[in-house]
Amino acid sequence: MTLFRPGDSVWHRLAAGPKAAILAVLVLVVSLLPLGWGWAAAVIPAAICLGCYAVPGIGMLPLAAELLAARWIILVTLAGQLLFLGPMAAAVNTTRVAAVIVVAGLLALTTRVTALLDAFERGLAPLERLHVDPRRVALLLAVTLNTLPVLARAAAQVREAQRARGVRPSLRRFAVPFLVLALKHADELGDTLTARGIR
Amino acid sequence: MSVLELDAVHVRLGDADVLRELTLSLDARTTAIIGENGSGKSTIARLVGGLVRATSGTVRVLGLDPVREAAELRRRVAVVFSNPDAQIVMPTVAEDVAFSLRGRHPSHPERVAAALDRFGLSALAEHSSHELSGGQKQLLALCGAFVREPELVIADEPTAYLDARNAHRVADHLFVDSGHRLLLVTHDLDLARRCEQAVFVAGGRVVAVGDPVDVVAAYERSLVW
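As they're listed, the protein sequences go chains V and L.
With the numbering used here, the residue at position 50 of the first sequence is 1458, and numbering never jumps.
With the numbering used here, the residue at position 222 of the second sequence is 343, and numbering never jumps.
Be aware that one or more of the hints could be misleading.
With a straight-line cut-off of 25 angstroms between C-alpha atoms, the simulated SDA-like cross-links for lysine to any residue are [claimed, not checked]:
id, chain 1, residue 1, chain 2, residue 2
1, V, K1592, V, L1549
2, V, K1592, V, L1556
3, V, K1592, V, G1605
4, V, K1592, L, E252
5, V, K1592, L, A288
6, V, K1592, L, S203
For each label pair, taking beta carbons as the anchor points, the in silico distance ranges come out as [unchecked claim]:
id, chain 1, residue 1, chain 2, residue 2, range
7, L, H308, V, P1534, 43 to 53 angstroms
8, L, G300, V, A1462, 44 to 54 angstroms
9, V, L1469, L, E231, 31 to 41 angstroms
10, L, D284, V, A1594, 19 to 29 angstroms
11, V, D1416, L, E270, 31 to 41 angstroms
12, L, A285, V, V1484, 48 to 58 angstroms
13, L, R174, V, L1548, 17 to 27 angstroms
14, V, L1559, L, V345, 22 to 32 angstroms
15, L, G241, V, M1468, 28 to 38 angstroms
16, V, P1534, L, G300, 40 to 50 angstroms
17, L, D284, V, R1573, 21 to 31 angstroms
18, L, A285, V, P1426, 49 to 59 angstroms
I should point out that these hints are in silico values taken from the structure, not numbers from a laboratory.
If you're wondering where the values come from, they're calculated on a predicted model, not measured in any experiment.
Cβ atoms here follow ideal geometry from the backbone N, Cα and C, with glycine treated the same way.
Work the whole structure out from these sequences, hints included.
Here it is in structure tokens:
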């Protein structure tokens, strides 16, 4: 899994730390807009989204892809809000949720994982006084993100093997071999990290 | 200096005695370790790589104690495993190679670029590591190991998951003399014959050590159905 897209946009050129701070502020602005502002509370988040993506080197295609990837969250939010709060509140809140997702997505889209790790390490450096190892926490984050596609592949392998043997699908029959594969991967990954000098 | 010195090494994992009073001294540039499944080959590789501790006996790798001098060992020794998927740590090819140098070499972009070029991965530098083919993933694992310029490379069945073409490519990279020593655990007897020295292990004990042609022949004679 890699969300990063190489490029030369202003977002790509910005250092990971300041970029994360700017995006966090934008996400906060979008989240805290008062509902009493009416349609403006939907238009402003949408404008922020478009403004963030409408820079040379990014464009609307990645924005569409991000929205498509988040479609189920958006649809479920919209349905729930429509049911309980009515059309205007539903439109405003769903736009805000979608905006928060795609604005936050810019960080992964325009920042290499290594740059994110460095920024994360720097950000956590003050916690060293409290015996928190920033390098280890950053590595944990990277390894977690990177393990997702491996686990997805393991899940597909278990399902295929069970289909090949005519086993009826069930959560228990899936969970046990999947857990075994996941633990085996964890063991092997641990060896890899040790061999690469990570304590 | 010997690459590896094992003196009366015993390794017990759980209830099983995996290596029994093993005494071995290796100093060839390339050494193969062969033997049946469960013979203790991989345990030797893991012992040398500092991933397993000896229950008793003395282990010296490049003159280092793998337990007491683990940090120095990691700096000088690289390990390549058989499963390429389990060796990928970062999402893109270039980042995964750079990960090997994290915190060690400030000027690593040039070293990463040179390593990618050497292993024919330059065109895939920005590619997702997980979307590579099995052969490309194993080349990436080798690239991540060699970018650190190790003195000793331990390869535990590095061609086990690969087709013939990719197995040849990976083996060729391992055997190119870039100043490293190679300890190769393998079931591929042709690869074992390419080494300068071979060790035949059975039941956690060394059966034969010496010229690969003779050692492989001894192993083949032992395979009685």
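Now the hints, each set against the structure:
Straight-line distance between C-alpha atoms of K1592/V and L1549/V comes to about 20 angstroms, which keeps the hinted pair within the 25 angstroms bound. The hinted pair formed by K1592/V and L1556/V meets the criterion: a straight-line CA distance of about 15 angstroms does not exceed 25 angstroms. Between K1592/V and G1605/V, the direct Cα distance comes to roughly 20 angstroms. Compliance with the 25 angstroms bound is thereby established for this hinted pair. Distance restraint check for K1592/V and E252/L: the Cα-Cα separation of roughly 21 angstroms lies within the 25 angstroms cut-off, and the hinted pair is therefore satisfied.
Between K1592/V and A288/L the alpha-carbon distance is near 24 angstroms, which keeps this suggested pair within the 25 angstroms criterion. A distance of roughly 13 angstroms separates the Cα atoms of K1592/V and S203/L; the hinted pair therefore holds under the 25 angstroms criterion. The hinted window of 43 to 53 angstroms between H308/L and P1534/V holds, with their beta carbons roughly 51 angstroms apart. Between G300/L and A1462/V the C-beta distance comes to about 52 angstroms, which sits within the given range of 44 to 54 angstroms.
For the pair L1469/V and E231/L, the supplied restraint of 31 to 41 angstroms holds, since their beta-carbon distance comes to about 33 angstroms. Judged by the Cβ atoms, the range 19 to 29 angstroms given for D284/L and A1594/V holds: they are separated by roughly 28 angstroms. Under the hint 31 to 41 angstroms, the C-beta atoms of D1416/V and E270/L, about 32 angstroms apart, fit the expected range. Between A285/L and V1484/V the CB atoms are about 50 angstroms apart, so this pair conforms to the stated range of 48 to 58 angstroms.
The hint said 17 to 27 angstroms for the Cβ distance between R174/L and L1548/V, and at roughly 25 angstroms that hint holds. At roughly 43 angstroms, the beta carbons of L1559/V and V345/L sit outside the given window of 22 to 32 angstroms. Taking 28 to 38 angstroms as the suggested C-beta distance range, the pair G241/L and M1468/V conforms, at roughly 36 angstroms. At roughly 42 angstroms, the beta-carbon separation of P1534/V and G300/L lies within the given 40 to 50 angstroms, and the hint holds.
For D284/L and R1573/V, the Cβ-Cβ distance of about 26 angstroms falls inside the hinted range of 21 to 31 angstroms, so the restraint holds. Between A285/L and P1426/V, the C-beta spacing of about 51 angstroms keeps the proposed range 49 to 59 angstroms intact.
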